[in-house]
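Chemist: If you read the sequences in order, they're chains Z and A.
Each residue of the first sequence is one higher than the one before, counting from 68 in the numbering used here.
Each residue of the second sequence is one higher than the one before, counting from 68 in the numbering used here.
Hint data in this document are derived by calculation from the structure and do not stem from the laboratory.
There's no promise every hint is true.
Intra- or inter-copy, both count: the list cannot distinguish identical chains.
What the hints assert, rightly or not - When the alpha-carbon atoms are kept at most 30 Å apart in a straight line, the in silico DSSO-like pairs for lysine-lysine are as follows: (1) K112 <-> K281; (2) K112 <-> K186; (3) K339 <-> K281; (4) K168 <-> K216; (5) K89 <-> K210; (6) K301 <-> K69; (7) K322 <-> K147.
Number of protein chains: 2
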Amino acid sequence: MKTIISISEMQNFSERARLRKKTVGLVPTMGYLHEGHVSLIKTAKKSCDLVVTSIFVNPAQFAPNEDFVRYPRDIARDKKLCKSAGTTVLFTPEAESMYPKGYSTYITVEGISSVLEGKFRPTHFRGVTTVVAKLFLIVNPDKAFFGRKDAQQCVVIKKLARDLNFGTEIVVAPIVRERDGLAMSSRNIYLSPQEREQATILRASLLHAETMVKKGTTKTAEVVKEIARLIETKPAASVDYIAVVHAESLTELEKFEPGVPALIALAVRIGKTRLIDNTTIILH
Amino acid sequence: MKTIISISEMQNFSERARLRKKTVGLVPTMGYLHEGHVSLIKTAKKSCDLVVTSIFVNPAQFAPNEDFVRYPRDIARDKKLCKSAGTTVLFTPEAESMYPKGYSTYITVEGISSVLEGKFRPTHFRGVTTVVAKLFLIVNPDKAFFGRKDAQQCVVIKKLARDLNFGTEIVVAPIVRERDGLAMSSRNIYLSPQEREQATILRASLLHAETMVKKGTTKTAEVVKEIARLIETKPAASVDYIAVVHAESLTELEKFEPGVPALIALAVRIGKTRLIDNTTIILH
């Protein structure tokens with residue numbers, strides 16, 4: 068595995084790969100890798116000749132009151148995980164080269180960036196789409212791999228790629244979970260043992276919602292109310308939002324209906340740690 | 068000369084050119100070509116193996132009250148000019164494929180897009196940078212060629228390319244003028260014969276300004292005042308702005324100083340037609 072820090076060196080590597088007709092897969096991450104990331108790298112390795120894993124804690128997607136500074140970092144461990152998962156190039160650009168002095172260009176995917184996470188983190192997706200576009204222009208990947216835990220991010224990035232005519236195919240991989248159902252996240256490390264236990268309610272409440280819908284509940288409001296009730300049984304939990312939206316347009320749904328893919332998405336603070344999870348239901 | 072309408076066909080053409088190691092130059096235009104455009108195509112031809120000229124009247128860079136609908140079009144004449152100037156591919160995408168239903172992604176170069184033209188046309192550069200980024204992603208040019216008449220546009224696009232890590236070199240070519248000094252513009256066709264004559268005051272006032280500075284005037288306010296006085300002698304003329312700014316940062320300058328490149332930029336309405344012109348002064 069090769070490590071590249073310089074943007075121009077990364078661009079040269081990608082250009083040479085392209086001239087040799089090698090396909091390139093990109094797995095963009097913020098590091099502190101977990102099994103979810105490893106699964107993305109392995110998935111990329113299956114369908115691409117070369118896999119670039121990027122590690123960049125992107126300041127542009129954090130608001131001033133968020134956890135940019137304390138976001139967990141462990142590059143030595145990340146390198147081992149990247150290598151064993153099959154990464155060809157580990158790309159670790161520096162913040163000063165990604166956002167040099169005077170940097171001022173931002174990309175906004177209007178509409179779908181303003182709902183759900185966007186309501187609570189108004190500048191978040193602007194930071195995400197900007198850095199992803201930059202990584203696409205630096206790495207020029209044939210495919211890029213994202214985890215479904217960030218369901219809205221996947222929708223926003225697919226739209227970014229389509230609207231701006233990126234030649235990159237966006238591949239969305241399933242959520243990888245801990246044994247007790249908690250979605251893998253670099254932020255899980257923030258949780259105290261008590262909080263860690265209470266955090267299982269996110270997945271548990273989504274599973275309960277799935278059962279309700281399968282058994283015939285059609286009103287989304289009823290399902291949302293029941294999820295909220297379950298989450299509120301945990302003393303450390305505080306709901307940011309629970310929403311049922313069309314899985315592609317992200318517009319709110321009033322009913323679960325056959326053929327309409329419904330995304331149930333939620334964000335919950337467990338103590339000071341903000342966690343997200345989701346599930347998609349398609350009735351036939 | 069080949070004409071391509073489809074975005075994917077254009078992308079395939081560019082990809083094949085790249086694999087054959089042919090360099091590609093892009094001359095993005097809104098059509099109704101004049102000698103300024105022809106000069107850009109010829110310049111591109113000198114340094115690139117293949118020249119793509121795009122013609123696309125970009126709705127995103129016009130405000131609702133502007134001249135999108137009546138913007139002059141003459142594709143038959145444009146084709147002849149493109150071919151004789153040395154265009155390899157004429158790319159004429161349709162608005163519905165550039166901005167399909169539900170399109171919502173926009174790129175903003177903050178700061179430098181808000182001054183000068185940006186004050187009078189607040190959404191203009193957002194439209195320009197978005198369409199230019201899309202064209203870069205479709206054509207993947209080694210170099211792209213722009214005319215200095217749109218001085219601010221050149222600065223904004225250079226920043227766009229640098230900030231987002233486009234591999235495209237931005238080449239800025241000199242203003243091409245009519246015999247009497249009026250800068251070539253597709254919008255000159257709007258002028259009545261009387262207005263056409265009065266429009267020469269834009270260039271004449273800029274030449275006068277250059278002389279003032281050469282003769283020792285250092286205060287930019289004095290020069291701006293004199294330009295305004297000259298323009299106001301023309302009954303059809305109405306000034307939008309006259310400004311002296313740093314040619315790269317576009318920040319306002321109080322003085323002409325040795326080594327500081329000063330851009331004198333102006334926008335003037337002649338009757339209902341809005342014209343722009345500029346000159347850059349560097350004292351040694």
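Chemist: Looking back at the hints listed earlier, which ones does the structure fail to meet?
Modeler: 1, 2, 3, 6 and 7
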